[in-house]
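Student: In order, the protein sequence lines correspond to chains F and R.
Letter 51 of the first sequence, counting from 1, is numbered 242 in this note's numbering, and no numbers are missing.
Letter 179 of the second sequence, counting from 1, is numbered 365 in this note's numbering, and no numbers are missing.
Hints were generated in silico from the structure; no laboratory data involved.
Just so you know, not all the hints are guaranteed correct.
Said to hold, decoys possible - Straight-line Cα separation of at most 30 Å, DSSO-like style, residue types lysine-lysine; simulated pairs: (1) K212/F with K232/R; (2) K232/R with K282/F; (3) K251/F with K371/R; (4) K212/F with K517/R; (5) K282/F with K371/R; (6) K215/R with K356/R.
What the hints assert, rightly or not - Here's a subset of chain R near chain F, in silico, CB distances under 7 Å, partners left out: (7) D378; (8) I422; (9) G542.
Claimed, not checked - Sample of chain R residues lacking proximity to chain F, with all beta carbon distances greater than 10 Å (derived): (10) A297; (11) Q321; (12) F382.
Even glycine gets a Cβ: it sits at the ideal position worked out from N, Cα and C.
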Amino acid sequence: MADKSNDPVAMWQNMIGEMEKGFNAFANQAMASPEFSKAVNQVGGVTAGAQKQLGDMMEKYLVGMNLPSRAQMVGMAERLQAIEGQLGEIKTLLHQMQRNSGAPGGSAGPPRPPRTRRPPVAGGEPK
Amino acid sequence: MNAAAGLDLLSIPDRIQSEVQRAIQRSIKGVEYIASSGPSLGSTPKDILHARGTMNLYHYRAVADEIYRVPILIVMATTNRGYILDLVPGQSFIEFLLKRGYDVYMLDWSAPKPEEKSLRMEDYVLDFIPDCIRQVQRDCGVTDVTLIGYCFGGVLSLLYGSIFADGPLKNLICFTTPVDFREMKLFQNFADRRYFDVDRLIDSAGNVPPEMILSSFEMLRPASRAASQVQLWENIWNDEYVKSYRMFDRWATDTLPLAGEYFRQITKDLMWENKLYNDAMSVGGRLADISRITAPVLHAVAEHDHIVPYDAAKPLIQKIGSSDKQEVMLKGGHVSLVAGANAIKRLWPKLDSWLGERST
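So that you can see chain F by itself, here it is in the shape it has in the complex (with noise of 0.2 Å):
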């Protein structure tokens, strides 16, 4: 068998491996700092304002140009998720209706095992 420590390719593997190591480790005590969390809230901060000035321009935009605005639209969003809702609940209880009745084919999937199922004793099977 080649011996893995003298081997190039394992070597370089490993030198991989070392240094995220050694990078992790310093990033993570670079960034365990309150430099670290004040100066990445800063950029932060300024992305998040930039973009609710962007959002506000564009409302403004819409409105002008006799789109439907942002409000309107979750409006509807949120009328047709309850729609959803409804028909999600509408569909549960038509199985269940189903399931109650014994129709054929009256469950929702392939029938189901018994639950009588017990633990297996210590190596084998099922008591």
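Since the structure of chain F is already known, use the hints to place chain R on it.
Tutor: Using the frame of chain F, we list chain R on its own:
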């Protein structure tokens, strides 16, 4: 063998030939990789039992001739998709459970829509989970339910179990579930209350964008993505490696947005005030003290978990009120604990042996 250098000179031509073949394979497979899609994930047959907004309840079709009396409801973490537990046949936790005779349901999440930004912890703990439990009870005709919560799904399950301590929770299994949020050191620093203005973020963005969630996970190990891509290139000749890489990479980058108000509560109540650990957590005005949970509890934690460090997860078993409780620490990381070759060998058989005798 050259003793001085430790080199096996006879093997060098073979090694060169092997590396040349791999280089050729890399070029061919590299093109295939770009041109093809990854394996189909989450394909264990299932039915949608109930869906409402961000909430989806699935029932997996039984494969055993005889199943345990008590059904399992898996509560997935709200940041990620449930197919991590159902990757491909042979590497699916769901398939494993079905073959071992469990009746399995999963509460999985869709991306909350902009209009769902006002969802709160109350919606998840007092509405979605109880609603799904009712659906499971109605579907299978059994009152008792075992909950399995992964990561933050474990936190939601703990909150549910502590508020509804009188039942119908039969068993509770948590995977890598944080309780002491002070110990999530890097997340604590990212969310430092002196600099992180959560109100400004939520008021402007509505829901927390998935890119932000993904970046915060990736920042915990900033070199790992680049290193994994180098490793992928080296192993691209190996179909099994590529398949596994694609499955895990797809899942890891398929992050969900978080509902704004829910994230605000997580930040303030858990990250800043550490209320779960301090026995001060309440949901909708109802105290959620985990010492009230008396059902049997199994907590599986990973030795090398960089997302939920052991110190953050350790107090769960200490604080829980059950007399039948067990923590099991297994080799692996946050994801390899529950999925992949490591999980197949370690966690899944352990869980089966613990849960089987508590599921009759």
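Student: All hints are to be evaluated individually against the structure, with a verdict given for each.
Tutor: Going through the hints against the structure:
1. K212/F with K232/R: Since the Cα atoms of K212/F and K232/R sit roughly 40 Å apart, the hinted pair is violated (cutoff 30 Å).
2. K232/R with K282/F: holds, 16 Å
3. K251/F with K371/R: Roughly 43 Å separates the two Cα atoms, so the pair is violated.
4. K212/F with K517/R: Holds. K212/F to K517/R sits at ~18 Å (cutoff 30 Å).
5. K282/F with K371/R: violated, 46 Å
6. K215/R with K356/R: Answer violated: K215/R to K356/R is near 49 Å, above 30 Å.
7. D378: OK, holds: D378/R within 7 Å of chain F, min 4 Å.
8. I422: This interface hint is violated because 14 Å lies over the 7 Å limit.
9. G542: holds, 3 Å
10. A297: holds, 13 Å
11. Q321: violated, 8 Å
12. F382: With a cut-off of 10 Å, F382/R comes too close to chain F, as the shortest Cβ separation is near 5 Å.
Violated hints, listed in ascending order, are 1, 3, 5, 6, 8, 11 and 12; each of the other numbered hints is respected by the structure.
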